[in-house]
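*Asks:* Please model the entire structure based on the sequences and the hints provided.
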Amino acid sequence: MSPEEPRPPRLSLRGIEKRFPGVRALAGVDLDVLPGQVHAVLGENGAGKSTLMHVVYGLVAPDGGHMTWEGEPLRLRSPREAIARGIGLVAQHFHLVERHTVAENLALGFPDAPFWRPTRSLLPRLRAAAERYGLALDPQALVRDLSPGERQRVEIVKALMQGARLLVLDEPTSVLTPAEVDALFAVLRRFVAEGSSVVFVSHKLAEVEVLADAVTVLRRGAVVGRRSAADGLDRRDLARLMVGRDLAATVADRASLLSERGRARAQAIAAGPVRLRLRDVRVDAPARAQGPALQVASLEVRGGEIVGVAGVAGNGQSELVAVVAGLRAPSAGTVEVDGREPGQGRRRRGARSQVDAGVALVPEDRTKVGVVGDLSVARNLALRHAHRRPFARGMWIDWQAVARHSQGAVEAYDIATPSTGTPARLLSGGNVQKVILARELDRDPGVVVAVHPTYGLDVAATSQTHERLLAAAGRGAAVLLVSEDLDEVLSLSDRVAVLAGGRVVATMAAADADPEALGLAMAGVAA
Amino acid sequence: MIPSLRRARGLRRWEPRADAPAWRVLLVTLGAVAVAALVVTWVFVAYGVAPREAWATIVRRTLLEPRGLSETVRKAIPLLLAGIGLLLAFRARFWNIGAEGQILAGAIGAAAVALFAELPAPLVIPSMFLAGMLAGAAWGAVPALLKARMGVNEIITTLMFNYIALYLVRWLINGPWKARTATGFSYSERFPAEAVLPTLGATRLHWPTLVIALALVAVVALLLARSRFGFEVEVLGRSPEAARYAGIDAGRVTLLLAALAAGAAGLAGVGEVAGIHRRLVEPTQLSLGYGYAAILVALLARGRALAVIPAALFLGFVFAAGDVMRVSLRLPSQLPDVVTGLVLLLVVASEPLTRGRWVRREADGPPAAADARGGPAAAPPAAPAGEGGG
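For the protein sequence lines, the chains are A and B, in the order given. Taking our numbering, the leading residue of the first sequence gets 3, the next gets one more, and so forth. Taking our numbering, the leading residue of the second sequence gets 1198, the next gets one more, and so forth.
What the hints contain is simulated information worked out from the structure, not anything from laboratory work. Beta carbons are placed, not taken as given, at the ideal position from N, Cα and C, and that holds for glycine. Among the hints, erroneous ones may be present.
Claimed, not checked - Estimated spans, in silico, between C-beta atoms of each pair:
#1 1372/B with 336/A: 31 to 41 angstroms
#2 1220/B with 96/A: 48 to 58 angstroms
#3 1422/B with 406/A: 15 to 25 angstroms
#4 358/A with 1412/B: 28 to 38 angstroms
#5 21/A with 1224/B: 35 to 45 angstroms
#6 212/A with 1220/B: 51 to 61 angstroms
#7 1411/B with 302/A: 57 to 67 angstroms
#8 125/A with 1220/B: 56 to 66 angstroms
#9 358/A with 1357/B: 52 to 62 angstroms
#10 1549/B with 63/A: 54 to 64 angstroms
#11 302/A with 1449/B: 50 to 60 angstroms
#12 81/A with 1449/B: 20 to 30 angstroms
Said to hold, decoys possible - Here are a few chain A residues that face chain B, going by a calculated C-beta distance under 10 angstroms:
#13 119
#14 178
#15 356
#16 371
#17 373
#18 374
#19 394
*Replies:* Right, dumping it as structure tokens:
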């Protein structure tokens, strides 16, 4: 930042290489992180960001290149060695024991914690760290009762208490509400103000623009550009670097473009039939929790309409989705598709009744639920329809029909896969989502439920997913879009329903929705 | 940090593979078997038996002589039936270890028909197979129901059901079904002639059971490869969450395949009583641990239905070789169990070898590699040459 007297970097990477079977994940990456700096590592999915961070944290051994830490050579064989040097990682998926308290989870991170009553000695340190950075935490709270934002705070506090001078955050904002994002950024700023460093891994341009002092852009495992906040960060410029083609217009103008399309549709929708109707649906939570997980929810979605469900995770969204998709039976009330209850009168109801009634689900957990990783792309494309024609012939499956269908789907949805016989787990996140979209949307479903459909996807895959959902609505489907990304909800939806505490606390036309009012409703204030 | 637990820095690095090619699986499996054979050779030496002659005797009396070969195949029959059932169950991650009890249940079913049913002679054998299959299936369906309805761990229930079946057989042959002539040992009355399976020539190879077993292997192979049920089993085994999303009724599939697996084991029980013993006998003689050995058959086959045939034949050889060791070589009768255990251990332990390989470490530069080769493992990392950080 100050060219006259360059500070020695805290962490310096030179020529880092990493190959996985069939992929060159990192192709000679150089990276310098200075003290007092928030260094953003920007890149699409599969660009190698996470692999690079795993190298820095000692989880993955590089095949080539070397690292230095505060001027000394750094060679890591385990995360424990990284922690000892002062490197902390806040992973995208948290590594916490749900049944234990915050303090107990923190004690797990300290090998020197006493054997008996390990949490006692930690409490003063916990309090000190929490106060210093403005991180409020109840040490006695059970982790399973915490929101994703609070869990992330536990991870951050753990890293800070371990004496981290470099904090690596992998896609930290994807689970946070807007207010929580602001709070996180405040903490990070305070942290770097003390001379510590932050590596901020993201593909969200807006956040990088706001927070980063320096940006390194990765594409296909190689550094394609470096920018410094001192010289000004430009969203279009970063987007172009990241995706390698000029998508800047799409990124910047998407929101306005989509909402215009939305307004044009408004009249047509009002005249359309109600395709999804929830009547007084209640879903009871497991016995130990208090109160129902979903309280008498009523909702109507017309054909061609996209209804966004906004809300912080754990406020009834997953129950709502499960009930509509048939993964769970409602404790009370009914779910009607095109005026009928799917599977009514049948002994066994479940996802299959809903599938046959034309309910598509783009599930939240792509890799564990949306596909079977060990099965081929072709079989995953038939996963939910294997019991019907053209795939099923009586009790047998026509694998040739499955293969033929998969060829068409791979082309139509532009799925990047070596072959249709490749196991789905070898595909990148964006391509797994394309497989799911191809399967769910290809048969012109009457109802589409999409849960966090662009979570963790890169810019190109995100806009493609949005277009697919809009196209499905355009063909007359009723779309229920569950997302924590307010921008996404507002730009795609015709109407927005806010869930808080298991209730629909507000519904409003997306065009009239005020982000601030929405945020308050999500926090349960308006209730 | 505990210094002694610090990982030594080796020359080689583990590299996982995307998939396991069939030849590699075969090679690793054969390697595991070869290591087991080496250990057995060492046991021969320890017992003062010349290993070369011991192996020659074993091979001659289990594979080369017609009578010996027939014993090997005969012992493979229950292993084939129970093994193919377990393979199906394991594919869906239903850890049925109750094949032993299901074999006994099948034997009880067959014995009930043979001893008490008043049937025309040609119908007796088919009825025995049917009864044995149903009895085995019922025995296996109870743990499956408990799992599907209440989430009870099937490993525990199927194991415990083995003991229930064992004592049920003992009670029957000591109580209501005890033969009038039985004085020392307990057993049931001898089956009438029409309830005894034909054998191949002078051997004890009850071929109808073998035909049924091979047909069942083919049917299961076909089901797994081409049927909707096979696809559902596959999805359920690989991801229960995805199965629920795919609309697969996990309870129904689990119940069905558990009943199928247990029914197959029940057929094995029928073969043993109707083909070998011709009466209901002491349970540990009725099934020589075939139900447990079948777990190994299913594991050796590594999910491939047709591979159950060589796997069962191999285990049949181990059982037959055990007889030879005991009778001809005067070795302890527990030795076959040791071999079975060894192979099981080695097969399970070698599983990762099918999914990866050791490669030369390239990450460390030449100085580091030289250092690791020459110096002690705990030597501090050598400073890599290269430009400093800028």
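*Asks:* Work down the list of hints and note, for each, if the structure agrees.
*Replies:* Status of each hint after checking the structure:
1. 1372/B with 336/A: 31 to 41 angstroms: violated (57 angstroms)
2. 1220/B with 96/A: 48 to 58 angstroms: Given about 41 angstroms between the Cβ atoms, the range is violated.
3. 1422/B with 406/A: 15 to 25 angstroms: holds (18 angstroms)
4. 358/A with 1412/B: 28 to 38 angstroms: holds (35 angstroms)
5. 21/A with 1224/B: 35 to 45 angstroms: Given about 25 angstroms between the Cβ atoms, the range is violated.
6. 212/A with 1220/B: 51 to 61 angstroms: holds (55 angstroms)
7. 1411/B with 302/A: 57 to 67 angstroms: About 59 angstroms separates the Cβ atoms of residue 1411/B and residue 302/A, which means 57 to 67 angstroms holds.
8. 125/A with 1220/B: 56 to 66 angstroms: holds (58 angstroms)
9. 358/A with 1357/B: 52 to 62 angstroms: violated (40 angstroms)
10. 1549/B with 63/A: 54 to 64 angstroms: Check failed, 18 angstroms falls outside 54 to 64 angstroms.
11. 302/A with 1449/B: 50 to 60 angstroms: Violated, since residue 302/A and residue 1449/B (Cβ atoms, about 34 angstroms apart) do not stay within the stated range.
12. 81/A with 1449/B: 20 to 30 angstroms: For residue 81/A and residue 1449/B the Cβ distance comes to about 44 angstroms; the hint is violated.
13. 119: Because about 22 angstroms separates residue 119/A from the closest Cβ in chain B, which is outside the 10 angstroms limit, the hint is violated.
14. 178: violated (25 angstroms)
15. 356: Holds. Min distance 8 angstroms.
16. 371: Residue 371/A check passes; min Cβ-Cβ to chain B is 5 angstroms, inside 10 angstroms.
17. 373: Hint holds; residue 373/A Cβ to chain B Cβ min 7 angstroms, cut 10 angstroms.
18. 374: holds (5 angstroms)
19. 394: Hint on residue 394/A: holds, closest Cβ of chain B at ~6 angstroms, below 10 angstroms.
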